[in-house]
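K.L.:
The chain contents come next:
Number of protein chains: 2
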Amino acid sequence: MNAPESPQKSIMLGDFVHSRTKNKLEFMYNSGIAVNNENGKIVDIENSSTSMDIAKQKLLQRLHWSEDEVEIYKCEPGQFFFPGFIDTHVHASQYPIVGLFDERSLISWLNGRVFPTEWRYEDAEVARQVYRACVKRTLSHGTTTAAYYTTIHVPATKALADICLELRQRAFIGRMCMDNNNFCPPYLCDKSSQELINKTTEVIEYINSKDPDHEIISPALAPRFALACTPSAMSELSGMYKAQHLLVPTHLAENRAEVKLVAETFPEAGSYTKVYDNYGLLTPRTVLGHSVHITEGEASLIKKRQSKVAHCPCSNSALASGMAQVRWMWDRGIDVGLGTDMSGGYSPSMLEAARQAVLVSRQLAAQLSDEAERQKVNLSVPQVLYLATRGGAKVVGLDEKIGGFERDKDWDAQLIGLNVVASSGKTEHENAVEQGDTGNVDLFPWDMSKWDDMIAKWVYNGDDRNAKKVWVKGQLVHSRL
Amino acid sequence: MNAPESPQKSIMLGDFVHSRTKNKLEFMYNSGIAVNNENGKIVDIENSSTSMDIAKQKLLQRLHWSEDEVEIYKCEPGQFFFPGFIDTHVHASQYPIVGLFDERSLISWLNGRVFPTEWRYEDAEVARQVYRACVKRTLSHGTTTAAYYTTIHVPATKALADICLELRQRAFIGRMCMDNNNFCPPYLCDKSSQELINKTTEVIEYINSKDPDHEIISPALAPRFALACTPSAMSELSGMYKAQHLLVPTHLAENRAEVKLVAETFPEAGSYTKVYDNYGLLTPRTVLGHSVHITEGEASLIKKRQSKVAHCPCSNSALASGMAQVRWMWDRGIDVGLGTDMSGGYSPSMLEAARQAVLVSRQLAAQLSDEAERQKVNLSVPQVLYLATRGGAKVVGLDEKIGGFERDKDWDAQLIGLNVVASSGKTEHENAVEQGDTGNVDLFPWDMSKWDDMIAKWVYNGDDRNAKKVWVKGQLVHSRL
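So the protein sequences, as listed, match chains A and B.
Here the first sequence stands for residues 1 to 481, where the numbers follow full-length UniProt numbering.
Here the second sequence stands for residues 1 to 481, where the numbers follow full-length UniProt numbering.
If you're looking for bench data, these hints aren't it; they were derived computationally from the structure.
Model, not experiment: these values are computed from the prediction.
Be careful, since some hints might not be right.
Stretch-level coverage of chain A by chain B, calculated; a stretch enters the list once three of its residues show a Cβ under 8 Å from a Cβ in chain B [claimed, not checked]:
{"id": "1", "region": "321–327"}
{"id": "2", "region": "345–353"}
From the structure, some residues in chain A lie toward chain B, with a derived Cβ separation under 10 Å [claimed, not checked]:
{"id": "3", "residue": "Pro155"}
{"id": "4", "residue": "Glu371"}
{"id": "5", "residue": "Trp446"}
{"id": "6", "residue": "Asn461"}
Here a beta-carbon is modelled for each residue, glycine too, at the ideal position from N, C-alpha and C.
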């Protein structure tokens, strides 16, 4: 089903949930949000009314809208609105190999699985097939914004830009930058830093021509990681950053062997983070994927440069990289978002990433015997939802635009629906289980007004089936029964 | 949809996958398995034929069956047969609170969440509602055998037995035994060890009357854990074990605080495991849930008594209990199965438990710097699938009957279906994504003959949507489009 022609004005009615702070969700019951579908913005909010109908009437009156020109979306029992997810670190090109980890750690997995897969994108037709599947899939999981890496291939990268624009997923598109033939395979390596810059520029110009104001798609500068780029390429990318202030997604200290290799390659730098800093790539728009094995000194430097971190718990477990310390980074003033890191992360789902963020933090806690210390590393359900929305918005520099429900923000949102198990009428629930399209989250009668519980149930057992509708910038981009 | 009337004979055609050893899956391509639906048994196997049709003809000829009296189930592209999952540790009564962990560790979570929930089952109508939802749900995830704990309530426990028999899920039903009022809340505590034994006996007799040969449902003796039972109750349960050799599910060394409390309560025992041994409960049919924090000496004792372990990785992470060392237990000769441990485990899915078993083992590996040592703790995809099938069968004492595809075993199986992304015809795939009932596992054209990859993709991204059909003892018990 394609997104239907949207009307010019919508009113969303029901219960709204979003992050108020890192630690706290805000619940707005029986509320209404009015959306201008043309510019995609929230134009008014009626917070916590006595009924959905009263919220609607108040909005119509205040805005001088007549009901017949407005599309109404109304929550049913077990449904609520939640901000769209922001995936701060994801390799679109690796979508076909999600779950394939026969090689056991980062470097051997890159050589054995990832590079041969990325080579396929020399064929732009393969790119169109896979990228389309990837964007449809991530939209279906409620990912309204994604910071994508592609491959070195220009036509394939342009194809991803086209598809994001067509399917309307807000996206940063980073053509993978790699020109260091000491590390990169010959079939996946720009011949010189000049070629790297030229091809990167070609993609940037293409995206700028398609979406000059970066309403939906934005270009990014994506040096794969310190070993994949020559010093000269890193310096030149830094120059491009200074001129254009684009997002700079890259990888940092994912795995011990990688950290060791970087130290051997750049012995004078003193730390992995310092390598990026030395070449001018530790910027306020740099998004450092992983950052599992960073020192206190590196954390200070990241904070000083206002660089950001993308936490990728699914990947950190699947590739045996380790457990990143999110609370520790927060305590040092670093902004952190969440990334699926497909396909180091095995899942396209940000909800899965949020769930793993909780679980890994609890395994970190299990290593400590002091209860107070344990509480300092645990991530709560509200905290991981913050990472997945407002935290991510800050990381990609869009916190003025997305991540929560406020007037003048864009309407990037999901309608979440959970199963209601009626105390009588079990048959309906059983049919739903058989049909399989209502997901695994069952609300029993006594759950219905306990919002913290409903949200926790969703985070622990939810999946794409619970994302009933997804909007980006005021328009419906995904819908299921 | 209820299971249709099964015909007397079936032939399953296609590709079959099951565990050959702990480390190795066996793939049988273009094969056929003939099933006598009346006694539920596999009567013949035609392994790796040149085509499904030839496999069918060979079976019909050998068995002197005519095609028109046989129901044929045939794999489509992306489909294969796999043994049903065996959940060796699951609390049916906790199904309504999956994902609710506001209290942060075992003991406080038991008091704050679990006990108040278990109290609801005093009302047998609540039990019928929840247990029905639970059994439907776990069947839909391919769980063909479950070792269930209930609560102390007799009518509610009988209700679970009735429901498992009706919906035909092979189940061990353990009425929860707890009579120690130093630990158990007054509303959830048998008044004496005599009452505990009487009520347990009443449930056993009920199950024996409903299913005298334990074809589908079997009673179990379920001392909750060392702190919940009085020494006299444990001794008397041991006497019942000696007379009846029923399964004895219980908990062991889940969490450090619990281990400490047990040590303080039984200072003379010397170890948690020794407590059970002292009261005659460390038997060859004892299934020790968790066993996260056991010593070398305890492992030796478990091995000596031939007791079994239920590994519960979802729960061990969610409750911050720690990481159980499965490979270490295997190396010491202990049989290990897999448990969801709902709702310490947040998910009803054994596939999720298998996935978490991989992920947690990789986080264990990440703590080691020596590559050879890392390889000794990593669990592979074939290994976790062994835990979920043959390993579990051994743990519950049914390895002669279920866990793999061999002649004279019962047909407890799943038909797994993954999405095939056609190189052209993307629309079909997109429709499937929209409808949401085909799940998240996408096979691209180049995946199609790589069976290790297809299985890994299923383990990492599969869910109940991939369990298209589920059979227990030769009869179809769950089906979806």
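K.L.:
Against each hint, give a clear statement of whether it holds in the structure.
P.N.:
Hint check results:
1. Coverage of a stretch by a chain is defined here by at least three residues with a beta carbon nearer than 8 Å to that chain's beta carbons; for the region 321–327 of chain A and chain B the count is 3, and the condition holds.
2. For the region 345–353 of chain A, the proposed coverage by chain B is satisfied: 4 residues have a C-beta within less than 8 Å of a C-beta in that chain, meeting the threshold of three.
3. Nearest Cβ of chain B to the Cβ of Pro155 of chain A: about 18 Å, over the 10 Å cut. The hint is violated.
4. The restraint placing Glu371 of chain A at the interface with chain B holds, with a minimum CB-CB distance near 8 Å, inside the 10 Å limit.
5. Annotation: interface hint on Trp446 of chain A holds; nearest CB of chain B at approximately 8 Å, less than 10 Å.
6. For Asn461 of chain A, the suggested interface contact is upheld, since its CB lies about 5 Å from the closest CB of chain B, less than 10 Å.
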